[in-house]
Amino acid sequence: MNNGQIIRGIRCGNETAINHAINRYSKLMWHIAATVLQNAATVEDIEECVADVFVYLWQNSDKYDEQRGSLKTWLSTAAKSRAINRYHQLSKKNVVSFDDEIMIGDIALIDEIVTAETKQELIAAINALTEPDREIIVRRYYYQQKLKDIGFILDMPVKQIENRLYRSKLKLREMITCQNGG
Amino acid sequence: MKNYSFNDKNLGNIKKVFEEKTGVQLNTSPESEVYMKKKAFKTVTIAAAIVLLSVTSVFAAMNFNFDVFGEFFRGDTSHIQSTVQTPREQVSDGRFTLALEEVLTDNRYIFMVYSVEALTGDALEELMGGDELIYDNAFRYNISVSPSPGIITETGVGYPQYARELVDRRTETARYWAYYDEMKDVNAEPMTLRLETEGGDLIITVPTDTTIESKELMLMGQPYGDTYARLSPLGITLIKGVKSGSPTLFADVFFRMSDGEVKTFNQLKMLMSPACYVMCAGDLPERVSEYMSCQFGARFHDVIPLSDFKSIIVGNTEYDINDPTKTSEVTLDEKLYPFDVMAFLPERGQGSFLPVKDVCDGLGAEMSWDGVTLTISYCGSTSEMTFDSRTYEKDGQVIAYQLHESSYIMLVHEDTLFMNNAAIQVILGIDGYQDYNSVEHIKEPIESSSGHDTWISRPVTPQYVRYYVIP
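For the record, the sequence lines run as chains H and G.
The C-terminal position of the first sequence is numbered 184 in the numbering used here, with every residue numbered one higher than the one before it.
The C-terminal position of the second sequence is numbered 466 in the numbering used here, with every residue numbered one higher than the one before it.
FYI, nobody ran anything at the bench for these hints, they're computed from the structure.
It cannot be assumed that every hint is accurate.
[Unchecked claim] The calculated lysine-lysine pairs, modelled on DSS-like cross-linking and capped at a C-alpha distance of 30 Å, are:
hint	chain 1	residue 1	chain 2	residue 2
1	G	LYS321	G	LYS210
2	H	LYS150	H	LYS161
3	H	LYS29	G	LYS11
4	G	LYS11	H	LYS74
5	G	LYS305	G	LYS258
6	G	LYS352	G	LYS321
7	H	LYS173	H	LYS148
8	H	LYS150	H	LYS171
9	H	LYS74	H	LYS171
10	G	LYS352	H	LYS65
11	G	LYS321	G	LYS305
12	G	LYS238	H	LYS65
13	H	LYS173	H	LYS161
14	G	LYS389	G	LYS352
15	G	LYS4	H	LYS82
16	G	LYS258	G	LYS352
17	H	LYS29	G	LYS330
18	G	LYS258	G	LYS389
19	H	LYS173	H	LYS74
20	G	LYS4	H	LYS148
21	G	LYS389	H	LYS150
22	G	LYS11	H	LYS82
23	H	LYS74	G	LYS4
[To be verified] Away from chain H, derived, C-beta distances all over 10 Å, residues of chain G:
hint	residue
24	VAL19
25	GLU160
26	LEU190
27	GLY220
28	GLN262
29	ASP328
30	SER372
31	THR381
[What the hints assert, rightly or not] Across the chosen pairs, the derived CB separations fall in these ranges:
hint	chain 1	residue 1	chain 2	residue 2	range
32	H	LYS74	G	TYR403	35 to 43 Å
33	G	HIS436	H	LYS74	28 to 36 Å
34	H	GLN61	G	ASP356	36 to 44 Å
35	H	ASN165	G	ASP196	48 to 56 Å
Quick reminder that beta carbons are idealized off the backbone N, C-alpha and C, glycines included.
Construct all of the structure, not just a fragment, from the sequences and the given hints.
Here you go:
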């Protein structure tokens, strides 16, 4: 089955066609979702996220336009946006307990400015950053994601991620030292 | 750090979630027929091998090159044995050797056997590692066959359309796969076999020339226009009009064999496998708007010499295979046509169960049931099923049902014997579709691990639903 047949089959409500699509694209969808959700989600979250892409395809196959791009690209975009939504849902829950030692430890090691007392202030400061800087910091230091992966998720060149991280750290330092009256 | 590598368990779970959220049952193809075929084929090819050995020693070196047939066809394949190519071409990067062992094609269907050998310790670990699954491991997803523009059934990287490991052939350092695909135009661009490796890809061009004869026929005068058929000993492709919404797409196509017997599509094609596909190309012109144009491809269960076909019957018109302009009106036995039964959905996750007596009556099959043993004779085969057994006997051969161990095979409800639809379809070589409009669904909220609210649509159980059976 090629993609044209798959999409026409799905539009006809053919289960074999969607099964083909799932067999063919799950691995790729998995990699995309896993990159976005690395260390932020469980394997089950990723499975559900990938399944959601195919549920979307099954229910919205008419929205796919062959003229505008390949099925693979369309599904990849759907996977990425679903994974990013899932990430935001999850991180809302997780960020509340931001006092994870890894996060604090990493930033502290780099900047040598954070003491146990300034922990809460650091969290407050991070949350005060504008997007996508906050997300970059959280992904990098809390979820331990690679710059390359963050670049993929946020559609930004790695160099730009690096720059933003650097500027955010300066900003954080400023915010904390200001708060400490320094 | 969590391990996020993808495996077949994840794929299974993805399908499960999909099924739960949509209420769609994804058909996973039963493997039993492949095993059955393999056994039948071995006796034939051993005999063929002995003949070849006695003829010339050149063939002796090729005497195990029959996997292409063994994997994909049953019965006697000797008459096209010589059309199998054995390129034995290989490429290597010092870690892996990719080899193309055999190719069989009729310029439409392509069957091949390829292998990968590991040359270093870490390559070996990659090739053989993580093999907890019954049939295969993830390594095969590194191998792909070219998605060239000329090929209808392009194969995406990751999941070949039909690639199956030949487990019996596995050695300490090498693994073999059998592969099946369908091509549109082999001349458009060379087909290539590719192994993705860290150091770059290993690529082999697949030879697609053939000496297998095929026929293209235009069958004229149907209510929707013409039917196109391409027939070869390996399979058939049809393009014809299908009534929109009809669950029985190709149930009006029959074949009269040279001995006069009329066979249905299902009796010739490999059932419930990736071997057949339907593609709906869209609506036909307005005057026949109740029809849509569909392409249907299927490879045959046996290799069938073209001389074994006398005619193709579409609707009530019989077309001579050698001259399709010669037609005649024909009335066929009503047992060759689709019919419907009331299937039973016993409980969630168990699928649908068909009333055995109604199915046998509709097919004209003979059945007997003594409360423990069920015997069905149909199309020259006799199958014996025992209640509670996980195997059945077909013409004296014991075959295991390829169903999940928690699936029921048979059940009695309101004094009626029902059988799992996947099991009875494989046993009798029939096809079937549930009429979704007849299924009552219920929406159930589910809690997802991310905490957001969602619901799924599930069939209510127990309930009876309409089910189309296609002989």
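Cross-check of the supplied hints:
| no. | hint | verdict |
| --- | --- | --- |
| 1 | G:LYS321 - G:LYS210 | 16 Å, holds |
| 2 | H:LYS150 - H:LYS161 | 9 Å, holds |
| 3 | H:LYS29 - G:LYS11 | 16 Å, holds |
| 4 | G:LYS11 - H:LYS74 | 22 Å, holds |
| 5 | G:LYS305 - G:LYS258 | 11 Å, holds |
| 6 | G:LYS352 - G:LYS321 | 40 Å, violated |
| 7 | H:LYS173 - H:LYS148 | 21 Å, holds |
| 8 | H:LYS150 - H:LYS171 | 19 Å, holds |
| 9 | H:LYS74 - H:LYS171 | 38 Å, violated |
| 10 | G:LYS352 - H:LYS65 | 44 Å, violated |
| 11 | G:LYS321 - G:LYS305 | 12 Å, holds |
| 12 | G:LYS238 - H:LYS65 | 25 Å, holds |
| 13 | H:LYS173 - H:LYS161 | 18 Å, holds |
| 14 | G:LYS389 - G:LYS352 | 18 Å, holds |
| 15 | G:LYS4 - H:LYS82 | 22 Å, holds |
| 16 | G:LYS258 - G:LYS352 | 22 Å, holds |
| 17 | H:LYS29 - G:LYS330 | 44 Å, violated |
| 18 | G:LYS258 - G:LYS389 | 20 Å, holds |
| 19 | H:LYS173 - H:LYS74 | 40 Å, violated |
| 20 | G:LYS4 - H:LYS148 | 26 Å, holds |
| 21 | G:LYS389 - H:LYS150 | 57 Å, violated |
| 22 | G:LYS11 - H:LYS82 | 21 Å, holds |
| 23 | H:LYS74 - G:LYS4 | 22 Å, holds |
| 24 | VAL19 | 6 Å, violated |
| 25 | GLU160 | 16 Å, holds |
| 26 | LEU190 | 16 Å, holds |
| 27 | GLY220 | 19 Å, holds |
| 28 | GLN262 | 20 Å, holds |
| 29 | ASP328 | 29 Å, holds |
| 30 | SER372 | 30 Å, holds |
| 31 | THR381 | 30 Å, holds |
| 32 | H:LYS74 - G:TYR403: 35 to 43 Å | 39 Å, holds |
| 33 | G:HIS436 - H:LYS74: 28 to 36 Å | 31 Å, holds |
| 34 | H:GLN61 - G:ASP356: 36 to 44 Å | 38 Å, holds |
| 35 | H:ASN165 - G:ASP196: 48 to 56 Å | 35 Å, violated |
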